[in-house]
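Fit chain G to the supplied structure of chain L, relying on the hints for placement.
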Amino acid sequence: MKRVKGGEEGSNGSCSKSPPPDARKKVRRELSEASEVVPASDVSEYDWSRLPQELLLHIFQYLPLLDRAYASQVCRGWNQAFHMPELWRCFEFELNQPASSYLKATHPDLIKQIIKRHSNHLQYVSFKVDSSTESAEAACDILSQLVNCSLKTLGLISTARPSFMEVPKVESSFTRTIIASFLSVCKAKNTNTIVTKQKGILCVADQCHGLRELALNYHLLSDELLLALSSEKHVHLEHLRIDVVSENPGQHFHTIKKSSWDAMVRHSPKFNLVMYFFLYEDEFGPFFNEEIPVTHLYFGRSVSKEVLGRVGLHCPRLVELVVCANGLRPLDEELIRIAKHCTQLSAIGLGECEVSCSAFVEFVKMCGRRLSQLSIMEEVLIPDHKYSLDEIHWEVSKHLGRVWFPDMMPTW
Amino acid sequence: MLLYFRALPHLLAADRRRSHSLSVLLRPSFLFRGPIVLQGGKGPAALTLWMLFNCLFQTNMAPNSIHWFRKGLRLHDNPALREAVRGAGTVRCVYFLDPWFAGSSNVGVNRWSRFQIQNFRNFSNQIRLVSQEWKISRLTFEYDSEPFGKERDAAIKKLAMEAGVEVIVKISHTLYDLDKIIELNGGQPPLTYKRFQTLISRLDPPEMPVEPLSDTLMGCCVTPVSEDHGEKYGVPSLEELGFDTEGLPTAVWPGGETEALTRIERHLERKAWVANFERPRMNANSLLASPTGLSPYLRFGCLSCRLFYFKLTDLYRKVKKNSSPPLSLYGQLLWREFFYTAATNNPRFDKMEGNPICVRIPWDKNPEALAKWAEARTGFPWIDAIMSQLRQEGWIHHLARHAVACFLTRGDLWISWEEGMKVFEELLLDADWSVNAGSWMWLSCSSFFQQFFHCYCPVGFGRRTDPNGDFIRRYLPILRGFPAKFIYDPWNAPESVQAAAKCIIGVHYPKPMVHHAEASRLNIERMKQIYQQLSRYRGLGLLASVPSTNGNGNGGMMSYSPGEQQPGTNNNNNNNNSHCKSRFNPAEAIFFFS
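One line per chain: the protein sequences are L and G, in this order. Going by the UniProt record's numbering, the letters in the first sequence line up with residues 1 to 412, in that order. Going by the UniProt record's numbering, the letters in the second sequence line up with residues 1 to 594, in that order.
Next comes chain L alone, as it looks inside the complex:
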């Protein structure tokens, strides 16, 4: 493969500013006039349009969509490259109403083009939708047109703005409509209307055997769903993201049986379970009483010492633990327990918590170098008789094998 020289932008394959055809000819002429070293026969090599498609594809993969789109306007060859299937495996549709959202929506023409030319190529699709019904309808509309896609991933994310207390939640209705639409896409066997949301997602799982990733709210999760996802005909699930959000204090959450989780793990041993909790402290009752294969855990609000203790006992597959706030009692024992039982733990973040310096050093010693992310707010560490704040970072750095400091906040 000949390396093509010349042109103003040499580095990184950034083609976005490449000259239009006429200018290229001009450049070619200038170059051939200017250079004495290069023999005349090589002049014809300075032609961007003769760049092999494989190279073009590789370069285009580095470009963001907008730049690629500009590049595709340059010539037919580049336009062809732009439409190569490899570049259209994934797409995220963003559907917002301009009046209420700062976020830009995917251009309707682009959507049309994708549906027309690339619906066969799409494998990973995500919808980001705000809380308006128009956006939800648009999303359903797109889905229904993606007839022949072999979707491996369907992401349903609502980017609804923080809702005011009186407005009913839109996400549930959105999810329902999306699922309903999706069913028609997947040529569902029965066309009964969906009675409950849980049943709906179940149908999705039943129909989409190629589903590798799923993101949903906890109230959509059920034992049946997990079993459906771990049935033989289903491919290995790679990633399940669950958000547990409390709408009102004292809300009750259902439990998932350990056997369902076990089935999941048996079926997809490498799958990642990401759980984000936004609960009041007293709503954790149904959680972490039995073993659960969670890998990434985030507590967005305060979580009690006791619950963290249970996490230590029941989450052997834990890879990342992030705690926003705990309170004013030291988490020494809980951390040590986590270090002991969560042997895969490689990332931990502690916000408004307290840990004594000695316990923290012990924790780091037990985890050792597998801790690639250690983000501890400075206020978390309580100096004790063994270590002061200034000494602790040396100890920790020693055990981690790299220089480490706690996170700081400005005090002014």
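Be aware that one or more of the hints could be misleading.
[Unchecked claim] Here are the computed lysine to any residue pairs in the SDA-like style, where the Cα-Cα straight-line distance is at most 25 Å: (1) Lys398/L x Ser372/L; (2) Lys485/G x Gln251/L; (3) Lys270/L x Arg536/G.
It is worth saying that the hints were derived from the structure and are not from the lab. Predicted, not measured: the structure shown is a model, and the values here were computed from it.
Same frame as chain L, but now just chain G:
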């Protein structure tokens, strides 16, 4: 012949909120007789000083100096002032009363330029008259490290040189010579506090504060003060400036150098008594204004940072028997220094667009929500109490600042930190340009490699700090009747409790303006996606999304990538076991990190 315009009142629009900032400035603080207070901003300053110089040379007589006060409003540790006095025949101290504090962008352009022009015209006439009398040949001032300050001073210097006036500038507003720190870091300011600490530990310690100005130092130097000085050049009162002072409570933070020096003694006494110099634990009392608080005085220079530094050092050595003080002892001073250093070469430090160190985050534009936050009407008592304290007194505890900043930006409202910064600029006594902008960027996770996972809950954080809720009752009297159980989330209180408290939520006190759980979930997702695009991280972890610094605290140069990311096979720095081929990122996260 009055040097300020009577027409000012309508221009200043009787803005009470600015009043206490100014009151710090204007309380008679000068031990020096006869400071000369002139009205105006940057433009008039330049012209005025030029007029002042543009006169006669001293050939055989002792020079006539002008010392130009901007910050550094003190007699102690003021090397530039000493230079003004050194061997001089006469010295005059000049201060330009700039109610908007150069750099503030709060005023509409029209108002500002009209104000300037009118001042300008008035000045040029009056100064022409006085300059002939004064015969200035030396100008001294304290070094101002902020970018527009440097620009203004360069212009002044040039004018002065042309007029044959000697210009002497001394560093005393910061502990160190900031350019040296930057030089030591390879020409870039350090972007992590740890890196900053490492660098300064390599420098020589700060220079000792110089002796305060005294009669001996003055020697034969005099300040000519005429009979009608007060009328011509006196410090105007707040009323004269057009502020409505009716009903203004007594200042919680009395201004001036005298007060500052008293406070520092109290501050050190308390530290010695506590005797362990550890970071004091936060409790309910810490939220209230302390009689030993020093930050506003440091901002205006009523207290010299170097004096503070050396007094702390002395005290530590005395109490801990000569051991070497740790850097954490000087925390407050060093943070200030850190932000000054970060800002000194960056004129766009207080903006998101065009600021090389700021992540471009697609904040929402929501003036209504911003107003609710600024005016303490969010419906979250913790937030509202803090903002009320800020508005009334001009100071809030730094953890309170974190709470309200997080709420406005990455926590709940998703509004730009620039808006919050402007509100603080107006209301907060110790918010000078560099420190305010830097802190806001830090707290909104827009810069400085901050992890964004820790969200300050507008209910829980306050409750943990002050379980009884006294702080809330003090600043939000309407909620006084609520028991501690519900005072942080009164909307959850049953109707009977609300009725008993004589405060129905939604009627007497607003309902909460956001659903915190939903808002924080959404926002953490947004931050994660923005940072994932920044660091090209494709994994599932939250912590790994934030790019880490390489050792020199400068960060790597991240590539510019607007539009959609191709989930690629290109790998990244993260060694997490999972990677996810289809993690999408929003098209809006445009950034440029250096």
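Each hint tested on the structure:
{"no.": "1", "hint": "Lys398/L x Ser372/L", "verdict": "14 Å, holds"}
{"no.": "2", "hint": "Lys485/G x Gln251/L", "verdict": "18 Å, holds"}
{"no.": "3", "hint": "Lys270/L x Arg536/G", "verdict": "23 Å, holds"}
The structure meets every hint from the earlier list without exception.
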